[in-house]
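**Q** Chain by chain, the residues run as shown.
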Amino acid sequence: MSISGDDPLMRSGKVDFGGVLREVSLAYVPEVIVGDYVIVHVGFALSRVDEAEANQVFEYLREMEELSDHQDSGAGVSPVLPGVSPSAPASPVQ
Amino acid sequence: MKYLDEYRDAGAAHKLAQEIARITTRPWSLMEVCGGQTHAIVKFGIDELLPKQITLIHGPGCPVCVTPVELIDKALEIAARPEVIFCSFGDMLRVPGSKADLLSIKASGGDVRMVYSPLDAVKLAEQTPAKEVVFFGVGFETTAPTTAMAVYQAARKGLKNFSLLVSHVLVPPAIEAVLGAPDCRVQAFLAAGHVCAVMGCEEYVPIATKYHVPIVVTGFEPLDILQGVLMCIQQLESGRAEVENQYSRAVRQEGNRPAQQLVHEVFQVVPRKWRGIGEIAQSGLGLRDAYAAFDAEHKFGVAGMRVEESSECLSGLVLQGKIKPHECPAFGTRCTPEHPLGATMVSSEGACAAYYRYRREPIIAAA
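As they're listed, the protein sequences go chains A and B. The first sequence begins at 1 in this note's numbering and counts up by one. The second sequence begins at 1 in this note's numbering and counts up by one.
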């Protein structure tokens, strides 16, 4: 992600949506820096993804596993959902 | 993609589903508020992973779907004017009004454009000073900060040719309307994660307390939804009714303060008509007097227009969770995404569209 603009309300950045780069307003996420992941809705970043909190469901699953001996039924990944999606960071764009 | 793929892991999903089944001792009905969650549930078959005692009821959280026909007709009247460039999110273009939709206005010569962001419409207004640019601002609390910013920037730039046809709606009054209905079956809610990313969790606490319902702020990926269901069932089985946050990677307790501040600067809470439900007090956002010059309803003299809803479309019942989409007699026959009777069949977040897209075969075979 790259960031431009001095006025906080006009601050914007380039965000990588799984390969598609898009200019996004950062007016509502003044704390965001290059490399962060953000939740984007219609051209606005509305929230920074918290890395530690992002792991909590997997920590919960690990705790559950320690308490029981559930069988793993194998991993699978489904296609990307349309609409609002978390975005990935990109190296700064020229 | 990081923060996406791992939340779709089938092994982890099955583990969560097994845990839900293990702790469920009796029937429970949960409502997912957001249309994005409805689509994920139907697309990934999450409801089919759950024990039979758990029913997921699809809620009113598709902004396009709850927009009344009246407002669509206002949009059509404005969009048909020769001096207007009418900008909208793509979802609204095919939503039927009482006689036409925005695409048919475009086909007959109206300048109707799909934009990605409300700021694109502001830019267009700057570039085309001889035209009136109108943005159709539809959405929940997630979208309100984006249209608020469009109006705020237009005001700062002194643009006289930009206005907003606004129909923002608020989630908490809708949840209260569902809970206050005499035949309400909903015992817990999955609240919409992105709405809460803006608004935070605090405004749900009085509702959880007053109606004694668990409310779990939930994300949109399969693991999010399963964990949200698990947290609801844990509360229900132990008799608790609290607000919990499953989607803590994106939702802070207090929400997004800068976004809330700008929404408050530009909009005030007003009564709003919901399609199929009727008017709900204090359930929408309208422009404050200081920004009245940007109100397209007044600018184009359509504020007084009154239009009745079509009687054949049962979307009102679908939106309140009283029937499932395939229980509507018109579903898949007289009402399809190509020829929709109502918005729930059009929108990418509409429950009828989700069932048509992902559940059509078994439903037709069963009919």
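Calculated from the structure, these hints are not laboratory results. Treat the hints with caution; some may be incorrect.
Unchecked claim - Derived DEER-like restraints, expressed as beta-carbon distance ranges:
1. B:Val-269 x A:Ala-52: 33 to 41 Å
2. A:Pro-30 x B:Gly-11: 45 to 53 Å
3. A:Ile-3 x B:Glu-327: 15 to 23 Å
4. B:Gly-304 x A:Ser-2: 44 to 52 Å
5. A:Asp-7 x B:Asp-5: 31 to 39 Å
6. A:Gly-35 x B:Gly-278: 41 to 49 Å
7. A:Glu-65 x B:Glu-77: 27 to 35 Å
8. A:Ser-2 x B:Glu-254: 35 to 43 Å
9. A:Glu-59 x B:His-264: 49 to 57 Å
10. B:Pro-271 x A:Ile-33: 51 to 59 Å
11. B:Pro-329 x A:Ile-3: 17 to 25 Å
Cβ coordinates follow ideal geometry from the N, Cα and C atoms, glycine included.
**Q** It remains to establish, for every hint, whether it holds in the given structure.
**A** Checked hints:
In this structure the hint that Val-269 (chain B) and Ala-52 (chain A) lie 33 to 41 Å apart at CB holds, the actual value being about 35 Å. With their beta carbons about 39 Å apart, Pro-30 (chain A) and Gly-11 (chain B) fall outside the hinted range of 45 to 53 Å. Between Ile-3 (chain A) and Glu-327 (chain B), the C-beta spacing of about 50 Å breaks the proposed range 15 to 23 Å. Taking the beta carbon of each, Gly-304 (chain B) and Ser-2 (chain A) are about 48 Å apart, inside 44 to 52 Å as hinted.
Distance hint check: the CB atoms of Asp-7 (chain A) and Asp-5 (chain B) are about 36 Å apart, consistent with the given range 31 to 39 Å. Between Gly-35 (chain A) and Gly-278 (chain B) the Cβ separation comes to about 48 Å, which falls inside the hinted range of 41 to 49 Å. As the Cβ distance of Glu-65 (chain A) to Glu-77 (chain B) is approximately 60 Å, the hint placing it in 27 to 35 Å is violated. As the Cβ distance of Ser-2 (chain A) to Glu-254 (chain B) is approximately 29 Å, the hint placing it in 35 to 43 Å is violated.
Under the hint 49 to 57 Å, the C-beta atoms of Glu-59 (chain A) and His-264 (chain B), about 36 Å apart, miss the expected range. Range check, Pro-271 (chain B) to Ile-33 (chain A): about 42 Å between beta-carbon atoms, so the 51 to 59 Å window is missed. For Pro-329 (chain B) and Ile-3 (chain A), the hinted distance range of 17 to 25 Å is not satisfied, since their beta carbons lie about 54 Å from each other.
Hint compliance for this structure: hints 2, 3, 7, 8, 9, 10 and 11 are broken, all remaining hints hold.
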